[in-house]
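> Residue-level listing of the chains:
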Amino acid sequence: MKLFTSVHDVPSIKQFVKDALELKANPYAHQSLGKNKTLGLVFMNPSLRTRLSTQKAALNLGMNVMVMNLDKEGWALETQDGVVMNGSTVEHIREAAAVMGQYCDILGLRSFPKLNNREEDYSEDFFNKFVKYCAVPVVSLESATRHPLQSFADIITIHETWTKKPDGKKPKVVLAWAPHVKALPQAVPNSFAEWMCKAQAEGMIDFTIAQPEGYELSEDFTPGADIQYNIEEALAGADYVYVKNWSSYKEYGKVLTYPDGWMMNNEKLKFTNDAKVMHCLPVRRDLELSSEILDGPNSLVIHEAGNRLWAAQAVIKAMLEEMNK
Amino acid sequence: MKLFTSVHDVPSIKQFVKDALELKANPYAHQSLGKNKTLGLVFMNPSLRTRLSTQKAALNLGMNVMVMNLDKEGWALETQDGVVMNGSTVEHIREAAAVMGQYCDILGLRSFPKLNNREEDYSEDFFNKFVKYCAVPVVSLESATRHPLQSFADIITIHETWTKKPDGKKPKVVLAWAPHVKALPQAVPNSFAEWMCKAQAEGMIDFTIAQPEGYELSEDFTPGADIQYNIEEALAGADYVYVKNWSSYKEYGKVLTYPDGWMMNNEKLKFTNDAKVMHCLPVRRDLELSSEILDGPNSLVIHEAGNRLWAAQAVIKAMLEEMNK
Amino acid sequence: MKLFTSVHDVPSIKQFVKDALELKANPYAHQSLGKNKTLGLVFMNPSLRTRLSTQKAALNLGMNVMVMNLDKEGWALETQDGVVMNGSTVEHIREAAAVMGQYCDILGLRSFPKLNNREEDYSEDFFNKFVKYCAVPVVSLESATRHPLQSFADIITIHETWTKKPDGKKPKVVLAWAPHVKALPQAVPNSFAEWMCKAQAEGMIDFTIAQPEGYELSEDFTPGADIQYNIEEALAGADYVYVKNWSSYKEYGKVLTYPDGWMMNNEKLKFTNDAKVMHCLPVRRDLELSSEILDGPNSLVIHEAGNRLWAAQAVIKAMLEEMNK
Numbered sequence: 007m008k009l010f011t012s013v014h015d016v017p018s019i020k021q022f023v024k025d026a027l028e029l030k031a032n033p034y035a036h037q038s039l040g041k042n043k044t045l046g047l048v049f050m051n052p053s054l055r056t057r058l059s060t061q062k063a064a065l066n067l068g069m070n071v072m073v074m075n076l077d078k079e080g081w082a083l084e085t086q087d088g089v090v091m092n093g094s095t096v097e098h099i100r101e102a103a104a105v106m107g108q109y110c111d112i113l114g115l116r117s118f119p120k121l122n123n124r125e126e127d128y129s130e131d132f133f134n135k136f137v138k139y140c141a142v143p144v145v146s147l148e149s150a151t152r153h154p155l156q157s158f159a160d161i162i163t164i165h166e167t168w169t170k171k172p173d174g175k176k177p178k179v180v181l182a183w184a185p186h187v188k189a190l191p192q193a194v195p196n197s198f199a200e201w202m203c204k205a206q207a208e209g210m211i212d213f214t215i216a217q218p219e220g221y222e223l224s225e226d227f228t229p230g231a232d233i234q235y236n237i238e239e240a241l242a243g244a245d246y247v248y249v250k251n252w253s254s255y256k257e258y259g260k261v262l263t264y265p266d267g268w269m270m271n272n273e274k275l276k277f278t279n280d281a282k283v284m285h286c287l288p289v290r291r292d293l294e295l296s297s298e299i300l301d302g303p304n305s306l307v308i309h310e311a312g313n314r315l316w317a318a319q320a321v322i323k324a325m326l327e328e329m330n331k
Numbered sequence: 007m008k009l010f011t012s013v014h015d016v017p018s019i020k021q022f023v024k025d026a027l028e029l030k031a032n033p034y035a036h037q038s039l040g041k042n043k044t045l046g047l048v049f050m051n052p053s054l055r056t057r058l059s060t061q062k063a064a065l066n067l068g069m070n071v072m073v074m075n076l077d078k079e080g081w082a083l084e085t086q087d088g089v090v091m092n093g094s095t096v097e098h099i100r101e102a103a104a105v106m107g108q109y110c111d112i113l114g115l116r117s118f119p120k121l122n123n124r125e126e127d128y129s130e131d132f133f134n135k136f137v138k139y140c141a142v143p144v145v146s147l148e149s150a151t152r153h154p155l156q157s158f159a160d161i162i163t164i165h166e167t168w169t170k171k172p173d174g175k176k177p178k179v180v181l182a183w184a185p186h187v188k189a190l191p192q193a194v195p196n197s198f199a200e201w202m203c204k205a206q207a208e209g210m211i212d213f214t215i216a217q218p219e220g221y222e223l224s225e226d227f228t229p230g231a232d233i234q235y236n237i238e239e240a241l242a243g244a245d246y247v248y249v250k251n252w253s254s255y256k257e258y259g260k261v262l263t264y265p266d267g268w269m270m271n272n273e274k275l276k277f278t279n280d281a282k283v284m285h286c287l288p289v290r291r292d293l294e295l296s297s298e299i300l301d302g303p304n305s306l307v308i309h310e311a312g313n314r315l316w317a318a319q320a321v322i323k324a325m326l327e328e329m330n331k
Numbered sequence: 007m008k009l010f011t012s013v014h015d016v017p018s019i020k021q022f023v024k025d026a027l028e029l030k031a032n033p034y035a036h037q038s039l040g041k042n043k044t045l046g047l048v049f050m051n052p053s054l055r056t057r058l059s060t061q062k063a064a065l066n067l068g069m070n071v072m073v074m075n076l077d078k079e080g081w082a083l084e085t086q087d088g089v090v091m092n093g094s095t096v097e098h099i100r101e102a103a104a105v106m107g108q109y110c111d112i113l114g115l116r117s118f119p120k121l122n123n124r125e126e127d128y129s130e131d132f133f134n135k136f137v138k139y140c141a142v143p144v145v146s147l148e149s150a151t152r153h154p155l156q157s158f159a160d161i162i163t164i165h166e167t168w169t170k171k172p173d174g175k176k177p178k179v180v181l182a183w184a185p186h187v188k189a190l191p192q193a194v195p196n197s198f199a200e201w202m203c204k205a206q207a208e209g210m211i212d213f214t215i216a217q218p219e220g221y222e223l224s225e226d227f228t229p230g231a232d233i234q235y236n237i238e239e240a241l242a243g244a245d246y247v248y249v250k251n252w253s254s255y256k257e258y259g260k261v262l263t264y265p266d267g268w269m270m271n272n273e274k275l276k277f278t279n280d281a282k283v284m285h286c287l288p289v290r291r292d293l294e295l296s297s298e299i300l301d302g303p304n305s306l307v308i309h310e311a312g313n314r315l316w317a318a319q320a321v322i323k324a325m326l327e328e329m330n331k
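Residue numbers (my numbering), protein chains in the order written: chain S, 7 to 331; chain G, 7 to 331; chain L, 7 to 331.
Do not take every clue at face value.
A pair counts as met if it fits within one copy or between any two copies, since identical chains are not told apart.
Here are the simulated DSSO-like pairs of lysine-lysine, each with C-alpha atoms no more than 30 Å apart in a straight line [to be verified]:
1. Lys120 x Lys256
2. Lys135 x Lys30
3. Lys331 x Lys135
4. Lys41 x Lys256
5. Lys331 x Lys260
6. Lys43 x Lys256
7. Lys41 x Lys176
8. Lys256 x Lys78
9. Lys120 x Lys138
10. Lys175 x Lys188
11. Lys24 x Lys41
12. Lys20 x Lys188
13. Lys30 x Lys256
14. Lys8 x Lys20
15. Lys276 x Lys41
16. Lys30 x Lys260
17. Lys30 x Lys41
No lab work stands behind these hints: they were computed from the structure.
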């Protein structure tokens, strides 16, 4: 693996989940792989789970890690070509990325969308230029439109908890839109949908998305998903409910009005098959998701966050193995 | 040891000082203890000595270290239960702490008081919730009311320098309030008092506290201490003077008026038994403590800061040993 | 080597370049040298290349690294002696430096000039006090007047690319002033000039400096350099052109008016001997240096940034060897 930016970089989800769970069972078995190799983690935006889990994953593999909060420790980067740099940008991404590639064997990059211009955000211009110019393998730590390490951890969590039940039935997974006070990116739901659609195609799950009118995700990310507008109907028989807010894709970056009843709580859980509840975190308690669920037996959110480590470790291990070929 | 937040977590100061000095004599003897273990250092406030000495201590023990300046790199945490999170807090401490516990074997936390509400600060609500929800051993890197790694380094320094004198007499240790321009927490003096009172109970020292009227510490931290209001009388025969400013506990968080003469200088030193002078640093020169002392032979401040390393290493080592039981 | 702040700390450039290129050929051969040794990197200003390359260099040598962005994670330092610290400075450099020296075997320091007062900046007061009080070996990560790790990487790059040509001729190296929108320090050009003048004295190169009237560097840094005011004449026959902006030394810290034609581009390159073009980065594209050069075959800027690693590694290795004597 030379690039990890979406589910399209993963030949088989089933196999990749298996790899991750083997690492979870035996975290330190591959430390010679990472010896004298350095992972650089570059953040253009804040991070808690992603930074710590990816750093720990690399340490488990025997690597060194250098963290660079480029939004705080560095300076403004230019991404446009052909401009005279006589303004506020101090360095062009062509040089900045190429230089970081000189000191690191693998780079991770986090770069959020601005939510002003859909074409610009969905072009992934910044991320793609970084990949192009750094000239080393790159792991997405969340880009403008995707958060694949999160989605990988999510499918690991579903697989891990479901296979303890020996009934052979495929789980019904519902991505359920939830309210928020801020306009959030579509990166997490896009990515979750994309991974679940592929997992559905691999026969692992059945996948439903529920959201109010106007909050439909781009169809590029939802091939084969069952799209619903009534949350209670969508939840019927659900085994996993993945709660998440996102701003509108159609009216790009906007927070639209929506009918009552989209916060996930115990009342809603009654419609499900005693579903496990997931969220990528950070979660706004009692706005997106009720405290009663988060503090109760149906919540998987901490377990799911813990699996971020094994997702990252499986990705980095695959890159190190590719490098050693 | 599963928790290090105060002297109450330490069965015997004498033994713990001995452990620390053995590490100082042989810093790298226990590197197998920390192999594949990770220390997470979480800062809600700035730090210099604490961050570097604790990081180095963990490295000496063979651990990995991940530093998280949550005040700068993260986001605002909610601590209250039962609130709808539709305001400025992005994540609840229940989730944030639990997640960090997923990636770290031991966590260190720094969290200063706000100095607005005594009950709130002295409840140590934030710190205690972090400990409760992270579910791994926690080292205090200074909380609202205590700074135990500093106090441990202080008693190490006193023991180490005193035992070179073979006369058998117990040293007289004086905690001496000093002026400052800002309202500072009581964490360092509370903690120093608490450790010295226990050291006095263990027969290691005699302990006196001197401060102007209105600056009395909470009695919870000063059992058995000799409390004085006249600095010159308090200094009589002192072997160690621990200089420190703090704001009022009674009129909580306030800087009260005080009589002249509380800055420590060579004139004051004449009242002592050629006392060694200590300060936790950072120190305001010629406001709290004179330059002539800081740059002269009676100052222990750098030596004392150096011992922060061995204090931290003894604490982390005790936690690793508990973990391996 | 106990100090690395200028070319004056280097007995022979030729030998030091040879050492660096041996490390480049065999980066991990000296890991026992750094075992249980810690490098502390202290930044008073932002850094990208310097931070990552120096961190990686120390890791290659088996050291631990602790990074401290003192401008962001710490507090304001006092440097003047004899002042009552009742203002905004929280800690004196005497204590701060001494404390950092307690936890680190080698320290690196970055501290830019303020460009207000030439005497103050050129006295290197802050840097020299840090060196004095920390009491451990110090590597300059760029001071008010010099950036020696950059200059060392520059001469490595020139030597490495030139010696592939077997004609025996010495290369002509031209330091060429270029436009910018901000007032920049003289640290990089001072340091480059100083290293090139010594390399010229060692018979490695011929050295020319070209700048508009008023932009002359201090003569302390340019002994033996050929100083030119006409950029086209200066470029005649050049083998290497080192492009860099700096503010005036004479009218200290000012951006003076200058005639057109100082941006380096392909038109200018025609005057040279198909010169390789260098820049310390970050570079303002199409203001200092044209995109056509940066993206073309004559640019060495990324290669040169890559050599920062081997420059840092050679310096740190020399310090570790001195320590082990």
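> For lysine 256 vs lysine 78, is the C-alpha pair at or below 30 Å within one copy, between two copies, both, or neither?
Answer is neither: 32 Å inside a copy and 34 Å across each miss the 30 Å cutoff.
> When no copy is named, should lysine 20 and lysine 188 be tagged within, between, both, or neither for a Cα gap of at most 30 Å?
neither (35 Å within a copy, 54 Å between copies)
> First find the shortest C-alpha distance between lysine 30 and lysine 260 inside one copy, then the shortest across copies, and answer within, between, both or neither for a cut-off of 30 Å.
Close neither inside one copy (39 Å) nor across copies (52 Å); limit 30 Å.
> Cα distance capped at 30 Å. Does lysine 175 pair with lysine 188 within a copy, between copies, both, or neither?
neither (38 Å within a copy, 65 Å between copies)
> 30 Å Cα cut-off: does lysine 30 pair with lysine 256 within a copy, between copies, both or neither?
Neither, since 40 Å and 52 Å both go past 30 Å.
> Checking an output row: lysine 24 and lysine 41, CA cutoff 30 Å. Within, between, both or neither?
both (24 Å within a copy, 26 Å between copies)
> As a check of your reading, is lysine 8 near lysine 20 (CA-CA no more than 30 Å) within one copy, between copies, both or neither?
Close inside one copy (19 Å), not across copies (39 Å); limit 30 Å.
> 30 Å Cα cut-off: does lysine 30 pair with lysine 41 within a copy, between copies, both or neither?
both (20 Å within a copy, 17 Å between copies)
> Within, between, both or neither: how does the pair lysine 331, lysine 260 come out at a Cα-Cα threshold of 30 Å?
neither (47 Å within a copy, 55 Å between copies)
> For the identical chains here, do lysine 43 and lysine 256 meet the 30 Å Cα criterion within one copy, between copies, both, or neither?
Intra 43 Å, inter 47 Å, cutoff 30 Å: neither.
> Between lysine 135 and lysine 30, at a C-alpha cutoff of 30 Å, which is it: within one copy, between copies, both, or neither?
between (33 Å within a copy, 28 Å between copies)
> Under a CA distance limit of 30 Å, which applies to lysine 120 and lysine 256: within one copy, between copies, both, or neither?
within (15 Å within a copy, 44 Å between copies)
The structure fails to meet hints 4, 5, 6, 7, 8, 10, 12, 13, 15 and 16 from the earlier list, while all remaining hints are met.
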